[in-house]
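Whole structure, please, built from the sequences with the hints as guidance.
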Amino acid sequence: MSKIETQLKETIKAILKDRYDQDVEDVMIEIPKDSNNGDYATNIAMRLTKVLKNNPRIIAQEICEELNKRLDIIDRVEIAGPGFINFWIKKTELANVINTVIDQGDRYGHNESGKGQSILVEYVSANPTGILHLGHARGAAWGDSVCRLLKASGYDCLREYYINDAGNQIDMLGLSVQARYRELFGLDFKLPEDGYHGQDIINIAVQIKEEYGDKWLNEDPEKTIQFFKDEGKRLEMKRIEDDLKFYRCDFDSWISEKKLVDEGRIDAVMEKMIAKGLTYSEDGAIWFKSTAYGDDKDRVLKKSNGFYTYLTPDIANHIYKFERGYKKLVDIWGADHHGYIARMKAAIEAMGYPKDSLEVDIVQMVRLVENGEEIKMSKRTGNAVTIRELCEDIGVDAARYFFLSKALDTHMDFDLNLARAKTNENPVYYAQYAYARISIILRQADEVSKLDTYDLLVSDKETELLKYINEFPSVVADSALTRSPNKVCNYIQKLAQYFHSFYGAYKINDPDNPAMTKQRLALVMATKITLKNALDFLGVEAPEKM
RNA sequence: GCGCCCGUAGCUUAAUGGAUAAAGUAUUUGAUUCCGAUUCAAACGAGUGCAGGUUCGAGUCCUGUCGGGUGCGCCA
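Read the first sequence against my numbering and you will find it ends at 546, with the numbers running on by one and no gaps.
I should point out that these hints are in silico values taken from the structure, not numbers from a laboratory.
There's no promise every hint is true.
Claimed, not checked - Derived pair list, reagent style DSSO-like, types lysine-lysine, alpha-carbon separation capped at 30 Å:
1. K494 - K33
2. K303 - K355
3. K532 - K518
4. K190 - K238
This is the structure in structure tokens:
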């Protein structure tokens, strides 16, 4: 929250307490869409009509009188419409944000709104049996950006990747790699029916051949299969990590299913569920009574063949998060997993944790569109389009920005032509261009520094820009709270627009007016810092030159 | 059949239950020849799929309905 907003909020809270003995949790301060309605506004008088049993305009009037007495940053206050209170801030107060921004530098925008709250965010978590493709790209960028925002807002946030490296699919992986390995030597090979057929499996086989030659060929396939499983897993994970790094996604923690197995956590959870009477046996399998906790069917935990289903280790995975002290869990899952939410929440509740401590954000479908037509498969490989292919085509910046600019739950058409475009139609370039332009201006200036006063920055264009820069910490806090990086994209577009508008209206480096030049340059510097930080929350670069 | 997501200017999207539903893009017009552009200003353009309801106030909440998408394994 900006300093000005904080002051407004705190003062109003104090007034409500003193005058009406009301404790109001959150006084809403907004920047009106129409600047005729003030620099800031609040609807608090309307919200209090019921409690105070009075006309909102009268309440507003009383609050205004007090405000005038108590707050000297206010230029004037007006009551408008049904009872809005509109504030105009003294221009000099507004401009003080410039020095705040310059002082805080790359920490401007950071805030304490999440202080003391711990939150574990699990995202991507793709199986180590294939390449990261388009479906993962949206969730990866989103999860990464959400965590950047959470951390900047003071949350204790852990970014976690859950690796499904045990179970049936790893057996299939081992068999697939082994088959491809034999193929390289011209031997008989048989890909399992449910095996993996991707290029990545062939690449792994080639790597094994290069490193070990025919070492794993002659022995009994039954004996060597464990090697192919382990090596397959290792190389698949390495490639996934490389792809994620290339895509600028970092994780703090990688949790392995196999490790959960080895530490006995899965058996332990199973036993606990049985002990709590949450299960029953039927047809030789063990079922979880999830319908008792809001699911629409009961679910199998242990199959009649003695193996666990996918669900059981994943319950253990979630319980382990709680056991490490995280009170709030966020999962970012693909749309195809939405049916899975009810059973996981059921498990969490059944195990004695609050149901709402898990929130699942669903990544809706993405369609790639080029020249108005949907692209289903990569032209080059004939398979699903991978993250790497996409980024090599349009760049990491554009890929991330596009995914982040739309709310997660909207079905998204990803327009490749637009993402490639080096024109202002492309929002990424519009934003980056603004940054490059600012950089040029500052390079050409003699000296840019903080000033004691900004009394000349009083035009509409300057006020607009100042107000908006001032707003940044609130935007970051709100984006973190609602886990909505798309709000940061909106902010960036608008900030760039305000800057361009200001730039268009005035000559900034003006030798005939050195006093004005100095003040404006400081404003440009503050804009630069804010824009850079905003782009950074998205993992998008801010180029000095383009 | 059951569940989930989405329906807002031609298009892509905004809008903590608040003020005349906001931007970009496209289209039209004008400015700038400049601190390098890919910049700026303006016009035109929707009453939020449809029908009810709650509220001082609904794109937002509730009910129903239509359309599009997606999911409903002892797969993971």
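Restraint status (C-alpha distance of K303 to K355 at most 30 Å): 26 Å, holds
Given the hinted pair K532 and K518, is their alpha-carbon gap at most 30 Å? 21 Å, holds
Hint check: K190 vs K238, CA-CA at most 30 Å. Holds or violated? With a Cα-Cα distance of about 26 Å, the restraint between K190 and K238 holds, given a limit of 30 Å.
Starting from K494, check that the Cα of K33 is at most 30 Å away, please. 13 Å, holds
Checked against the numbered hints given earlier, the structure satisfies every one of them.
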